[in-house]
Each structure stands twice: as structure tokens, then as C-alpha cells.
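Using the sequences plus the hints, can you model the full thing?
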Amino acid sequence: MKSNSAGERAYQIVIHLIVLLVAASAVFPLLYVIGMSLTTKSEMIARDYFVIVPHAPTLEAYKRIMSSSVIWHSFVVSVLRSTVGPLLTLTLTAIGAYVLAQRTLPGRGIFLFFILATILFNGGLIPTYLVVEQTGLIDSFWSMILPIMVDSFGLLVIKIFIENLPDGLTESARIDGAGDWSMLWRIVLPLAAPALAAIGLFNLVAHWNSWFDALLYLNDKSLYPLQMVLKNMLTIDSVSGDSMNAMLKTSQSISTETLKMAAVVVGIIPVLCVYPFLQKHFAKGMYMGSVKGLRHLLLLSKGGIPVKKENVTPPWPRPSPLVPCLAPAPATETATRPSKHRRPAARPPPPAQPGKRASSRPGAMRERRSRS
Amino acid sequence: MPKAVDSASYAYDDLGKKYDLDIMVAGAFNQPVPEDKIKTYLEQQFNVSLTFSSMNGEDLKNAVTVRYASGDEPDLVMFPFKDVALSLYNSGQLLDAREMLPYMPQTMQYVTKDYANWATVDGNMIGIPRYPVFPDNWSYFIRQDWLQKLGMSAPTNEDELYAYAKAVVGKDPDGDGKADTWLMATAGGGNSWSMMDSLKTMYGHPSWNVADGKINHPMLDGTTKRFLQFAKKLYDEKLLAPDWYTIGWEPFKAYSLNDQIGMVWYPGWNIVDEQYNAKKKDPEAVKLWEPLQPLKSSDGKGGMYGPGGNPGGLFIVSKKVANDPGKLKRIAHLIDTLIYPNVNYWAASQGGGPEIFPGESRVQMNEDGTNVFFIKDTHIQKAKPEYQSLADWQFLGYTLIWQVYDDEPVGVAGSKFNQQIVAMPRYKNYDMYLTLDGPTVTKLNDFQNKNEISFVLGKKSFDDWDKYVEDWKKAGGQKLIDSAAEQLKVEKQ
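So the sequences go chain by chain: E and S.
Take 26 as the starting number for the first sequence in the working numbering and just add one per residue.
Take -11 as the starting number for the second sequence in the working numbering and just add one per residue.
These are computed hints drawn from the structure, not numbers from a lab.
Honestly, I wouldn't trust all of these hints.
[Stated by the list, open to error] Keeping only pairs whose Cα atoms sit at most 30 angstroms apart, straight-line, the calculated DSS-like set for lysine-lysine is:
{"no.": "1", "chain 1": "S", "residue 1": "Lys370", "chain 2": "S", "residue 2": "Lys154"}
{"no.": "2", "chain 1": "S", "residue 1": "Lys27", "chain 2": "E", "residue 2": "Lys88"}
{"no.": "3", "chain 1": "S", "residue 1": "Lys370", "chain 2": "E", "residue 2": "Lys88"}
{"no.": "4", "chain 1": "S", "residue 1": "Lys308", "chain 2": "E", "residue 2": "Lys285"}
[Claimed, not checked] If you anchor each label on the Cβ, the simulated ranges turn out as follows:
{"no.": "5", "chain 1": "E", "residue 1": "Asn244", "chain 2": "S", "residue 2": "Ser79", "range": "16 to 26 angstroms"}
{"no.": "6", "chain 1": "S", "residue 1": "Ser442", "chain 2": "E", "residue 2": "Gly161", "range": "26 to 36 angstroms"}
{"no.": "7", "chain 1": "E", "residue 1": "Lys88", "chain 2": "S", "residue 2": "Lys137", "range": "33 to 43 angstroms"}
{"no.": "8", "chain 1": "E", "residue 1": "Gly161", "chain 2": "S", "residue 2": "Gly80", "range": "46 to 56 angstroms"}
{"no.": "9", "chain 1": "S", "residue 1": "Val429", "chain 2": "E", "residue 2": "Ser92", "range": "41 to 51 angstroms"}
{"no.": "10", "chain 1": "E", "residue 1": "Leu145", "chain 2": "S", "residue 2": "Ser75", "range": "25 to 35 angstroms"}
{"no.": "11", "chain 1": "S", "residue 1": "Glu46", "chain 2": "E", "residue 2": "Leu145", "range": "24 to 34 angstroms"}
{"no.": "12", "chain 1": "S", "residue 1": "Lys431", "chain 2": "E", "residue 2": "Gly148", "range": "25 to 35 angstroms"}
{"no.": "13", "chain 1": "S", "residue 1": "Arg350", "chain 2": "E", "residue 2": "His80", "range": "33 to 43 angstroms"}
{"no.": "14", "chain 1": "S", "residue 1": "Lys480", "chain 2": "E", "residue 2": "Gly161", "range": "49 to 59 angstroms"}
{"no.": "15", "chain 1": "E", "residue 1": "Leu45", "chain 2": "S", "residue 2": "Pro230", "range": "24 to 34 angstroms"}
{"no.": "16", "chain 1": "E", "residue 1": "Trp206", "chain 2": "S", "residue 2": "Ser37", "range": "41 to 51 angstroms"}
No experiment lies behind these values; they were computed from the predicted model shown.
Don't be surprised by glycine CBs; every beta carbon is placed ideally from N, CA and C.
See the structure below:
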């Protein structure tokens, strides 16, 4: 219902102003960084080191950064690790989650306990270094990939997600002759795509931003990722190198602040490019993963209460009356029906998927079975 | 003045066997280099395979700590500070440096009794002390053109400094008709007194010292209190820049190099060079600042800058190296040749000297033992950004103590100022004889940083000073007083 009352209008104005302020506070640092990265040293001094729109913009800092083959080389390393890392993580996480979601798996509780333990109790810096060192990964590209190849939290979230799939869905696929691999790749993963996308994006951003592992595990600087190179550009040693650095750099026409800001821009551009394409999955996956994942982690921590069939929620999100703006748009007509028309929660119908065979619907399967 | 030792001093090492050496330093650039010719040169000269890592000081602390804790320690680390070395020594991981030092005749020339004391703990030398990169060339600089306009001479004491500050703020020395000139600021980013810290020396010794046979500290004899009272006076009368406490070092240049500040704390060459470049290479800019002799208090105390002569760090060596005497000797041999003015000093400095890049630099030894080491703009380290990190090798042996500049106008003026500052009187350095508990020192620094600004801003009254000193003692000050008195073998206050 549309309300045109003065109160409603005032409310909308206040809400818009608040949102505008929040958006401005997010955009302002970005504009500041970009503005400063385009400013000459003399203008920066003249304008008290606060420039949003430079009077005489210069690309000198970017030229200096881009002219360095070191930057390009480290960029390639970063792209590689941010591609290979998330791919491996998603593959292993999905496989692990699928296996652990099988309630008939022997020793399932023990496996889950050990996985949960890695979330609660991190191995620590030195034990991790020892493992990396003793597995011969020092000075290897894989030292940045293998230690974080499985995302335990993501694994549990996906596992719970798979457990919550309607039994009928998997049963009908089994009857149609699907094995575990087919089940995983053709049934489970497509349905878990939003959660996987969210975990993948988290992982990608973590790989892209990571530099501490390179600091510890890499003596060979040719393997440095971009963030390590940029970080070293930004930090000047206050003890041994500060004055030395200043001495070597003061004759430049651009200030070290300009170089730093340009380095920051270079570092965030790739993630800025990727983010808009994954954002819809990211938001949806975050919501689904957080609600289901946290609830079930809580249950696990309280003694590993098994998921009851009566509690099983459908694999697609239902609109929540409490947080309507967070709930994704209903995927099916069924999901939008008033609750009194819904089927029992234990056997909810899946979303209608154009192009899917009717036999993949559990309801249709039951009809066929009863006919036979 | 130091001279290079004879190569026969290294007869102990025939260079026959090849060794893998793992060396870490606190560098400035710390970037990959497409081709490291300094490394290749040293590997050929010393029949070694080198793993060379450079990183900034904080990263070095982390990396070295993890590697030592994991049993994968590097052979040698050049640390610019002592605290981590002390921890490693306490955990029994370091070689007693006296086992290596006899093989380093060039280095031994600089390991004075004071240096040796500084590096010695419980009778063992935890590392080999190194001379600093920079000489004691920091001092206050004052605007000469402003003094002239204001009809004043350089201040010599706190009263004259106060009068100068009043004139700088009230008489518009830059002549732009705006009230936009101030005496100074901390430029410490809200974390310390930074530029203003040395004003403390007007009132007494700014660090641990001995007075009348008893241990003393600026917190105990009123030095800190008088400094804070003077700072409060400047603050109350708005003689400091508006963001005087929170502004950082780099942004402060918007004031200091832009005709808005009357006094700064800087190294000699750097203030000349930075002002010259900020004024678009105007030769007159090199005349704007001149160093100020140490100031005295109104009752005649002070007249000296803070203690100088601190070491520039120390080489620490893993205990495991002692298992292979040949390797120990090779490390000693290699490092010693990088020390001024030994045979490889130039090769590893400033991105590679004439031995590695012929014709790209100029080395000139003067009769008085000083040197000119001029790197041309075509030198690969300067010309190509990806080779910038070649300069990190210089943190093993490079120093500016004996280096002078002969380029006009910046180098000549900068060198002159450096020499003037080095010759200025300084308080005796007692810190060289002390090894105080690192965490307590850090805790007390935080305590002081947090509280002292409150006195200046008027949030705390100087009537409560004695209580504040008692709180300082409880926060760890008494522990350090006891420890310092014991180490210096003097009475407690």
C-alpha cells in the first residue's frame, strides 16, 4: 500500500539521507585515494596533503608503478594464486562437504570433530611454518596455496546445505541411476551454487589480499604476489630505512604519498572488477550460509544434534517476515504461497525449474511409483 | 680515520669449499630484482650460494622469530635493534659473537669498548655491533630569512625561543598578510613528541643518566615536567600549528616546506634537499634553514643535544653455524669485506659500485678519510624502478658517517650542516651500558605518551605531577630504576 502521508515522506527522506551518508562514507575514501594518486608533489604540499580533485593531475605515479616489470610479474603471481587457490578450495570443499553430508559415512562424527577443531583451534604460526618447511614448500608457489586449500567453515556450511536438500531429490536421482559423482556435479553443486560462489569469492579476496604467507615462506622474491610488493612499497622502515629512503626519493616530482595511493588503487582494481559480477551470488550465499551454517554449528557445538527431517528447510530461501529486505526474491510460485497452502515442511516441493524433467521432482516420482 | 685492512688478514679462509649462506637484513625497498648482480658478484668472490632476504624492521622481527622458533634459522641477520636479539640469546639460539669477531679485522676497528658493552649480556656478546648508517646529524633548524626579517638573532635559550615563537606567530614573517605561521609541531602523528622531543634537552639529560652518583631519569629530576610546561605555554598561546600533535611527518611538510613553520628537527642534508626541491630547485632555498646550537633553559641548564654514538644495529649469528667452522669463517670473511672502507664496501653499496657497474658511479677517497660516492642517474638502480631493491645490500655495511657531497648547491650545504651538527655538544650516552626489559620499556613509553599530552592540553594539572611520577614508577618505572642502577653500579634515587 502506498502512503503519501507527511510522516511517511519524512521517514523516507531520513532513510534516504542515512543511506546517502553511509554510501558517501564508503565512496569518500576511494575518491580520496584516487585523487591523491593523481596529485603532484608540489600541489600536495600546497594543498596540505588533502586533495580530492587535483588541479594539475598527473599519471606519474601510475607510470612509475606500471613501468616496473616487478609489478607485472607479481600481478601474474597474484592472478595465478587467486585463480588456482579458489578453484582448488572449492573443489575440495565441495567434495569434502558431500562426503561428510552422507549420514552413512563411517566415523563421520570423528571427521566432523577434527574439522570443527581446526576452526576453533588454529594450528598457529610456528606449527604451520614447520609443516610448510618439512613438506619442502619453502620458496614454492604452493606454500601460498596448500596451507589454506580447504576452507573448514565453508565445508561445514556446504555440508549442512547438502544435508538440507530434500531426501526425495536425492532418492529420485538414485533411482534414475545417478552415482555419487553425478549426484554431486549434476544435482548438489548446481543447487549449492550461491553458497559456493560466496565461499569462492571470500577465498579469492583472501588470496588476492594475502601477503604474510609470502613474507614467511618465500625467500625467492620473484614469487612475491602483488600485495607483498605493494605492501613493501607502502611501508618504509622507520629504523633502518626511513631516512635512507627519504634521501633516495626526495628528488622525485611525485611524493611518496602519491606513490602509496597509486599502489593502493592498483591493488584494488582487480577485485573491484570481479565483485559486481559475483555480488548477487555473494549476497545470497552470505544470507543462506550464515543462517543455516551458524544455526547448525551451534547445534554441533552443543553435542552434535542430528538434523531432524521435520526441521529440514527447503534448499531455496523462504521470505522471512522479520527481514523481508534481506530475503532473496522467491524463486517459485510455491514459495510465495501463503503458508496455509504449503505442503508439510518435511517434504517441500522443489522450485520449478524450466527445462527440468518431471521425473526429477519427488512428487512426480511418487506418482509414478504409486501407479506402478 | 679508518683504513682498509690488508687482504692477508683473511688467510684463514682459502675459499676452497662452497657454502650455502642464508642472510637477512632490515632493508628499505625489499622488492624482487630481475637480476641481482651484487649477489652474483659476491657469490663468485666468496664461492658461496647466497639466500638474501631483506624486509622492513617489523617484518624482520616476525620472520626471524618464526624461523628461529621453527629451527630453520638463517645463518646471519643484521638487526637494527637489540630486543629480538636479546630474546634469541636468552633462548640459547645465538652464537657468542666473540667466536666470530676475531675473523673480522675491519669490523673490530669499530667495536669500541662502548659498542662491546652495549652488545654484551651476562658476559656474552649477543651480536657484533655495527656503526650506524647515519652520523649524529639531527638538530633543530631555524629559518634564517625570518630571523632577519624579525630583526632577531638565533635563540640560545628557552626565553629567546619563546620570543622567537611569539614573533613568528604575531609578526607575519612570510609577509602574506595571513596568520598562518607557527613555531613548530610534533609531526609524530599523535604518537609521540617526535620533533619537539629534543626540547627536553634544554632542561637536562633526556634519557637514563647518573647524577651525583645516583641513577637519574628525566621523569625524576623535573626535566620532563619542565619540558611539558614549556610545551603547554606554546600550546596555550597558540604558537604551535593547529594540528601540531596529530599531524604526521610527511603531511607536516605541507607546513614546513611551505613557509609556515619557524623551526624543525631534521638531518642536515635532508632539510636542504627537501626545501630545495619544494622550492622548485631555487638555489636560494638552500639558505633558508640553518642548524641551531643546543638551547639552554632560563636557569642555564642544557646546552647539549641528546646522546649520540649509538650503534646502528648488530649482526647476530645462529649457534648452528659454530658446527661448521669453515662456514663461520666464510661468513666472517664476506661480511668484513663489506665494512667501510674495505674492498667490497663500494660494490655492495648504493645499488652496486664501480666493481659491478663500471662508469655508473664515482668513488673518491679524500685525504682526511672522508669519501665522495656519487651515483649517476644512469645507474640501473636509479634508472629502472625494478632494480631499486639492489640498494638493500647496503644495509650490511653502508654508512654516511664518512661520506661527503660535492654537488652544488645541495650537497655542499648539506655536508657543511652535517659536519656542524656532528660537532655539537651532546649528553653522555648511558643507554649504551643498559639492557632494560623490553616489554616494560614499551609499556612505560605508552604510559607516558598517553599521559603527557594531558598535561599540555590542561586535562591534568601540574599540581598532580608528583602523583603522576609515583604512578609511573608503579607502571614499571621503579623496576627500570632498580635495573638501571644495578647495571650502572650506582645508587638508586
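Hint check:
1. S:Lys370 x S:Lys154: Violated. S:Lys370 to S:Lys154 sits at ~44 angstroms, over the 30 angstroms cutoff.
2. S:Lys27 x E:Lys88: 28 angstroms, holds
3. S:Lys370 x E:Lys88: Within the cut-off at roughly 15 angstroms; holds.
4. S:Lys308 x E:Lys285: 40 angstroms, violated
5. E:Asn244 x S:Ser79: 16 to 26 angstroms: Given about 23 angstroms between the Cβ atoms, the range holds.
6. S:Ser442 x E:Gly161: 26 to 36 angstroms: Distance hint for S:Ser442, E:Gly161 is violated at roughly 55 angstroms.
7. E:Lys88 x S:Lys137: 33 to 43 angstroms: Hint holds: Cβ distance 41 angstroms, inside 33 to 43 angstroms.
8. E:Gly161 x S:Gly80: 46 to 56 angstroms: 28 angstroms, violated
9. S:Val429 x E:Ser92: 41 to 51 angstroms: 44 angstroms, holds
10. E:Leu145 x S:Ser75: 25 to 35 angstroms: 29 angstroms, holds
11. S:Glu46 x E:Leu145: 24 to 34 angstroms: 29 angstroms, holds
12. S:Lys431 x E:Gly148: 25 to 35 angstroms: Because 30 angstroms falls inside the window, the suggested range holds.
13. S:Arg350 x E:His80: 33 to 43 angstroms: 39 angstroms, holds
14. S:Lys480 x E:Gly161: 49 to 59 angstroms: Given range 49 to 59 angstroms: holds, Cβ gap about 55 angstroms.
15. E:Leu45 x S:Pro230: 24 to 34 angstroms: 30 angstroms, holds
16. E:Trp206 x S:Ser37: 41 to 51 angstroms: 48 angstroms, holds
The structure is inconsistent with the numbered hints 1, 4, 6, 8, although it conforms to all the rest.
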